Amino acid sequence: MNLLQEVTSDVFQDKIDQGEYIEPKDTMPEDYRKHLIRQMSQHAHSEVIGMQPEGNWITRAPSLRAKQILLAKIQDEGGHGLYLYSATETLGISRSEMIEQLHSGKAKYSSIFNYPALNWADIGAIGWLVDGAAIVNQVSLQRTSYGPYSRAMVRICKEESFHQRQGYEIMTRMMRGTKEQQQMAQDAMNRWWWPSLMMFGPHDNDSPNSNNAIKWKIKRESNDELRQKFIDKTIPQALLIGLTIPDEFYKLDEKTGHYTIGKINWDEFHNVIKGNGPCNKQRLKHHKKYHQEGAWVREAAEAYSKKQKSKLK
Amino acid sequence: MNNSELYNYTLRLADNALILGQRLSELCSKGPFLEEDLAQTNIALDYIGRAQSLYNYAAQLSGKPLSEDELAYRRAENNYYNVLLVEQPDEDFAHTIARQFFYSVADCLFYAELTKSKNETLASIAKKVIKESKYHLNHSSDWVKRLGGGTELSHEKMQNAVNALWMYTDELFEIDDIEHKLIKEGVAVNSSNHKSLWLAEVTEVFKEAGLSVPENNFMMTGGRSGNHSEHFGHLLSELQYLQRAYPDATW
Amino acid sequence: MSIVNDQLEVWEVFIQSKSGLPHIHAGSVHASDIEMALQNARDIYTRRGEGTSIWVVPTTAISASNPLDNDMLFDPSNDKMYRLPTFYLMPEGAKHI
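Chains as they are written, first to last, in the working numbering: chain A, 33 to 345; chain B, -10 to 240; chain C, 2 to 98.
The set of hints was computed from the structure by calculation and includes no laboratory data. All values derive from a computational prediction rather than experimental measurement. Hints are supplied without guarantee of correctness; some may be wrong.
[Stated by the list, open to error] Chain C side only, calculated, beta carbon under 7 Å to chain A, not exhaustive: (1) Ile4; (2) Asn6; (3) Asp7; (4) Gln8; (5) Gly28; (6) Ser29; (7) Ser33; (8) Asp34; (9) Ile45; (10) Ala65; (11) Pro68.
C-beta atoms are modelled at their ideal positions from N, C-alpha and C, and glycine is treated no differently.
Chain A with its partners taken away, still in its complex shape (with noise of 0.2 Å):
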């Protein structure tokens, strides 16, 4: 048995090595699968509670134009969670059983999402930098070892190319607007700079899971790596409107060419990954309340479909 794994996981790991892809019916070892699940729906729970802080905008909206983009960069996400969802329903895993976990807390989702969109800026500031984040992730997952996440994350990345930049639009009108307007986008800068740094996760030191993810090809940059790309084009971005970075010790290194930064609060992160966010417990409620209430939908439709089928027999 021992001998019989190895043997399948050599062969795995060549077929990584040589840069193919990895598709549904493969052996893989069972803690590639353990991995992708975990990783996969977190990503798809993410998307999916994502739609909660701009979902609360969106009544708001102060033009048509915005509402229209703004309903449908949120129906995006959802899209994007769909997407995430029917990947990870190819390694054996429902949906069902993807929501259950969640719901018990067993999986995780992007604790970005557990940090309130407090004015309109937020809109802005959550496309321009935390849309802006999970870009720069993305475009390497692209190249995922896992066919049909890395099919999903070339779809959603040319999906997603319009969601910074709707941001990064309604940063600038309102660093353009009237004072109170400007004020509410650095407001939203600084509440929203600190945590899109920690959405690429703890510094590579300090990643249990990386090595694996690397050595599978799930992952194709670290964490610090990814960062760094995120910080070298956004900061020019924020510069270039007007904003303040929220960080005093930030510069400029002019022998690297790449940005440093000061010390990113990660008492703050772990403190929101355990559930104390802002949101963590506002968001889950709000999920399930909604499928609680969607049940008996979902159960009708089920029993119609029945009720039809068996007319036909």
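Knowing the structure of chain A, use the given hints to seat chains B and C on it.
Relative to the frame of chain A, chains B and C by itself:
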């Protein structure tokens, strides 16, 4: 203003679209399952897009330097002229479906005819809109059948929603002096002719769904002349919040 | 697993992006009947004008070849180069062939 009838007519159409779109957009992330959540958002987007085209035209007709957003966001409650049906809240999924179904049957009849309007702008908006409306009708009538014919509970909820919203359906076929004049000019649709067609279609779907047509014939009216339900002010206070709180800002 | 499926059935979705092109697998949706599956596929996979036609198939109706059989299934065709036009030598000057 020379075009005051046409302006008012267009505004009514726009208000129907905006308010239904606003109601549907409240449902985002609250669907019974993910697919249906996204489906409802698509419908919401259709209506808000429709509202935008119609407000844009109304703004041109107003003869004032108004923008589509000023029309959508800056009017007082009694200056909105949507039918009462579209402002009714989403008590549950059955209410959402009943409202959509009642509205979509009428909407399909209405916009199919508006495509033939002598007013080119309205006709061209109608040509785009009718495609969306047909899809909304498909989607909602399928759900009426599923809920009506699903479980005992879903049947009860669907019938309750139908009963609750029935009294708002007559207003869909009302016409007044504004319409009379525009109908004569070949611009407006005479929706008072649609009532029996509407009832026939609704009755047919209800038959398949095992639902009964309510016997209560009392009908509410008022939205088209600016008399709304209590829900409406709350809907507007959310819709208008930023435009009202920061009147000097552009967004 | 003891968890009951309360999320409807799974359907695979195939989209044709332009007439004349093949239907390509796009992903899956959950739905309780064919009409719903088609509508859901439309609402989810053609939001940006990606489609001119949709197929939906219950996931359980799809059978896949076993990857362990790949040697047996696919290798034997690798040495049958005579099936390819490049296998044949044409005399110099031959045209339209």
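Out of the numbered hints, which ones does the structure contradict?
-> Hints that this structure does not satisfy do not exist here, as all of them hold.
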